[in-house]
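Build the full structure now, drawing on both the sequences and the hints.
Chains as they are written, first to last, in this note's numbering: chain V, 557 to 1085; chain A, 2 to 642; chain W, 61 to 168.
What the hints contain is simulated information worked out from the structure, not anything from laboratory work. Any given hint could turn out to be false.
[To be verified] Stretches of chain A that chain V covers, calculated by requiring three or more beta carbons in the stretch to come under 8 Å of a beta carbon on chain V:
| hint | region |
| --- | --- |
| 1 | 147 to 155 |
| 2 | 158 to 166 |
| 3 | 178 to 189 |
| 4 | 575 to 586 |
[As the list claims (entries may be wrong)] Listed next, the in silico DSBU-like pairs over lysine-lysine satisfying Cα-Cα at most 35 Å (straight line):
| hint | chain 1 | residue 1 | chain 2 | residue 2 |
| --- | --- | --- | --- | --- |
| 5 | V | Lys1033 | A | Lys163 |
| 6 | A | Lys585 | V | Lys753 |
| 7 | V | Lys1040 | A | Lys163 |
| 8 | V | Lys703 | V | Lys623 |
| 9 | V | Lys783 | V | Lys868 |
Backbone N, C-alpha and C fix where the C-beta goes; we use that ideal spot for every residue, glycine too.
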Amino acid sequence: MMLAASLAHFAAAVAPLASPPAGSTVPGANTSAGFPLLSLIVWLPLAGALVILLLPSRTEDDWGRIKNVALTFTFFPFFLALIAIYLTLFVDLGVVYSGGFRFEETISWLTLFGATYHIGVDGISLPLVLLSTLLFFVATLASLNQKTRVKEYFFLLLLLDVGVTGVFTAMDLLLFFIFWEIELIPMFLLILIWGGKRRVYAAWKFLLYTIAASAALLLAILILYFKGGAHTFDMTVLSQAHLAPALGGTLFWLFFLCFAIKLPVWPLHTWLPDAHVEAPTPMSVLLAGVLLKMGGYGMIRICVGFFPGAAKYYSLAILALAVIGILWGGFAALAQDDMKRMVAYSSVSHMGFVLLGISALTPLALNGAVFQLFAHGVVTGSLFLLVGLVYDRTHTRSISELGGLAQRMPYLTVAWVVGALASVGLPGFVGFIAEFEIFVGSYSAHHVGTFLAVFGVVLSAGYLLWMLERVFFGPLKEAWTRLKDPSAIELFYMFGMLAVVFLFGILPGKLTQLIDYAVAPLTQRLGGS
Amino acid sequence: MPYSLMWLILVAPLVAFALMFGLTYENKRVSAWLGIIAVAVADAVSIAALFSELQHPIHVQYGLGPFGDFLTFADVHFSIGILADPLSAMMVVVVCSVSLLVQVYSLEYMRGEEGFVRYYGFISLFTFSMLLLVLSTNYFQTYIGWELVGVCSYLLIGHYFKRPAAAAAAKKAFIVTRFGDFPFFVGIAFIFFRFHTHMGGAADLDFYAISGLYKTGLVSQAGLFVMAMLVFSGAVGKSAQFPLHVWLPDAMEGPTPISALIHAATMVVAGVYLVARTYPLFAANPSSLAVVASIGALTSVMAAIWAVAQDDIKRVIAYSTLSHLGLMMFGLGVGAYSAAMFHLFTHAWFKALLFLGAGSVIHGVHTQNIWEMGGLGKRMKITAWTVGIASFSAAGIIPFSGFWSKDGIMASVFASQNPVFIAAAVAITFFSALYTFRLFFVVFTGEPARRRAFDPKKIHESGAYITVPLVVLAILAAFIGFTGIPGSKQGFGQFIFYGQHPETEAVNFIAIGVSLVVALVGLGVAALFYWPRFQRFSAPALNARYARVYDWSHNNGYFDEIYQAFFVRGLVLRTAAAASWFDKNIIDSYVDGLAEGYQLASGRLRRLQSGRVQGYAVGLFAGVLVITVLALVFGSGGHLS
Amino acid sequence: MSIGYIGLNHFLAVSAGLFAIGIYGLLSRRNAISLLMSVELMFNAANIALVAFARFGYHDAQPLAGQAFALFVITIAAAEVAVAIAILLLIYRLRGTVWVDEIDLMRW
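Pasting the structure below:
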């Protein structure tokens, strides 16, 4: 009897570590009410991954079944994200305006540490959730001809999905960190196993860079947890914490280091061209379209959101990094012969625009920075798809080897011209709105810096149109006389993506309003400090 | 009131474009007529608007449906709308009419060409974009139209994309104009920054709302100068002014009707239009106007000289366009606002006519080298007559339209009493007459050239789809000038003007006289060199004697070569290679070196991993022992007991 | 300290002795089975100490915690031995020896 009582006692002592007592709630936090929309978006891919684990993978039929499962479990999160956008934009826009988050869910988790399973979205993260669910669906579509280790491939793809959507929805720093880490290993393996010739080098480079970022992130989170005074990981609470300026500055740079690697910011950008070039096409799409966005999102949500004072104080340093990145990426893109490498460097340049918006800290510029995250995701995602379609047919990405492809692949050429012009920032496409907001907004803060940065737009016209000229126009080279245009399904996702690029380019109003509802409180705090 | 219908002007060509690419791409006839009907509708509405403005010149503007709040949140409000005032009414009529005529003309000119529907689709898209720019109510919308016409120009110059020259020219046009666009973009940001909080309910960057703010002292004179120069940079790029003029001659790689529509009558005057639209900004800072005048004059003189040494029929006309655009800028710079706009108006007709006439010639003889033509006047009578009228107009000879508009600019230049400007104006007039009639005489008079590309007996006049637009344009080029006779009370100057409603000015007979005499001298010199009947001098002999001048002129002042050598290869590509090299060899060598260092260290350290269990056990216990001892020595004993 | 009374220190002395024997066996024997037995000795040394502490009331709030831990340890030790012997069996089949200095599968 004594023993049994002691055991029960012991169990009670360790219980909080393992599972929450029934019915306990965290004071002050809303408990989730109703339909767990966001949880479904985040966790459905994991369910899909588990289903795939149980399926056999021997024959072509098995592969087909696995692909169908992957398609289903990436489509439904996308569908749910569309519903979330619809509800937010057209049914009750005002709810977001209160400065709060939508679709919040709070479940007690590690009460001992003050960590909760708290997820939600606001104007900054909702567009990114939409973007990532869309791109994962498209990436799955683009992976349908995968023939090696099909089961493992789609398992990892779905696992990656969980990590990424989790990062965009987490409102608890510990949760944020865990999702951040979940994303890492699948992408490492996806590059390492399914990549190109130098995949081992590229995968390890990606892993080491990102692990370094994670170390900085963890350190910063722990310091914030212990010094923040609240002993909580809840981001809404921590963002209001009053820290000594010196501590705030240190934390700002620690977080910044982590997100700068991901964004990437010059001079931490060299993992990106290697990783993009070696990754299989759908993974390049996800890397550029979604994973880089995690860096930008973190900067806005945490660096600016938590430490507005430091962000303002170090604004010039960030501006310098942004301008160097924009010009550096643009010039380096001009020198590349590999199409994929060129697009990768264009990402460095275009993510510099995000950093420029962040450095300016005006409502318009920050709004543009978030918009640019979305815009760059769909535009550069499309460009990587298009590079992949060229590579599938020609088995080369070398610009100097290609030539005159327009005569054999008119549809692909149309898509390329549209994609390139969108990337150049032509009005009517989504990139223009972002660039306009960023440049006009950042001019108020930095005159000369903005002038230099806008030159990046000229550079992007330079490398993209020069590439178009050399690859698609001019006389057809003999090696390419037998090429064929993309198949129906490829045309579907290719033009589907471009349709999104176009749609938000001519109707940006609602999206910018949504973003503003989240950015306005941020900039108000900036004005105060 | 036709103003409420003006959205049709925008929507009709856009719908035509969408239908052509969406539905009727396979059907050439339907697609072409779709484009023509759409622009005819737009033209009808714009003519109605123009007449309405003529009766009651007023300023009307409204947001374009849902796009009126294109980008609106918090305190920013970027709008797309429609602006009707005399200036925009005049411009829409020019754009729609020239587009209509060019599309009719192309029915025959482009028949059987590859990419026929693509061509018509892009013309419709271009027409829409140009109208968006012209009807713009604010800088934001202007920039959208600005970029869109640029991309249409890119797509249409590159129409024959299989030809490397066409693909390169298209890219060059886009990138060179971007060099002007990016300061313009910064200028817009500057304007937003200064005036955003003073808009008083109007949309951000609104032209009319801002026009009164320049002089209020919100911006210093230096600030205004920078602002004006940034905006002017955009105009320099689009209107191909020095030093960004190099793209326009190459743009002649596009189909000839495109040269007429985009690179003569409409898109390239967008820069002039921009300066006119934002004239309050320039007027608020006199030194910016001086820059505008100087750049305009320089471009105009240089282009006029180069035009005399060109062999390609389209290039001669392209340089002529450059020269006339420079003249318009010159006029704006010296304060001849009405005259410059009038010249824009007349130039559109006679320059479109020149290009379409040249197209008719090329269509007949299949060469563009003027020395392989000759004597075409007898075989292509309508073309010859209409091009003749255009030449008289372009050379500025009374009573054709170009005379009246050029005269207005001359009067202002003379009134400025700046000797350099006056000399430039005289030179422009002389060379304009010289190169225009050089072209006319070489192509149409005398006998077919010995080194010719055609069989003279088989040459015949082009069909009705080509000649009818030519005749219509010829009538306009001949008579439209009478709407702006100096001294008239109901003329162009009383319709489109800057500032106060102008009194009827005294006619400056000195300016008229000088310009007329100089133009006639130019004509005479052209005749003495190039009209076989009156030929007294040999042009090749003169070119040989002044070979250096001729070569300089023939090679367009070597600007392309200089830019290519110093800027493109010397600076840009070298910087690009350097950045790429730095990434690969400096940054990555650090990264890889770090990784290798770790690898080396771990290679040593792993020797500890002997694989023997008892070795590990020794280490384990030694460790426990050390920690225990340390705890006993340094720890507070109380906790251990 | 009378001869008839056995206190905490006696238990601890036995525990320490057992533990020392265990360490000696672990470090000096080469037969893997002997190593396992040595480990068992050390476990039991710990058990004796745990139970002794509990018996002499070193945790008033949870008087039976020591015994509970000892039971855990016994259970886990049993499981551990089962697994270890299974592994050893396999190693013996593969290599024909259970002498630990001849088994260095985990060498770098």
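Hints versus structure:
1. 147 to 155: Held - the region 147 to 155 of chain A has 4 residues with a Cβ nearer than 8 Å to chain V, which meets the minimum of three.
2. 158 to 166: holds (count 5)
3. 178 to 189: holds (count 8)
4. 575 to 586: Our answer is that it holds, as 7 residues pass the Cβ test (under 8 Å) against chain V, meeting three.
5. V:Lys1033 to A:Lys163: The hint holds at about 11 Å.
6. A:Lys585 to V:Lys753: Roughly 17 Å between the alpha carbons, so the hint for A:Lys585 and V:Lys753 holds.
7. V:Lys1040 to A:Lys163: Measuring from Cα to Cα gives roughly 18 Å; hence the hint holds.
8. V:Lys703 to V:Lys623: Since the Cα atoms of V:Lys703 and V:Lys623 sit roughly 11 Å apart, the hinted pair holds (cutoff 35 Å).
9. V:Lys783 to V:Lys868: Distance of about 22 Å is within 35 Å: holds.
No hint from the list above goes unmet by this structure.
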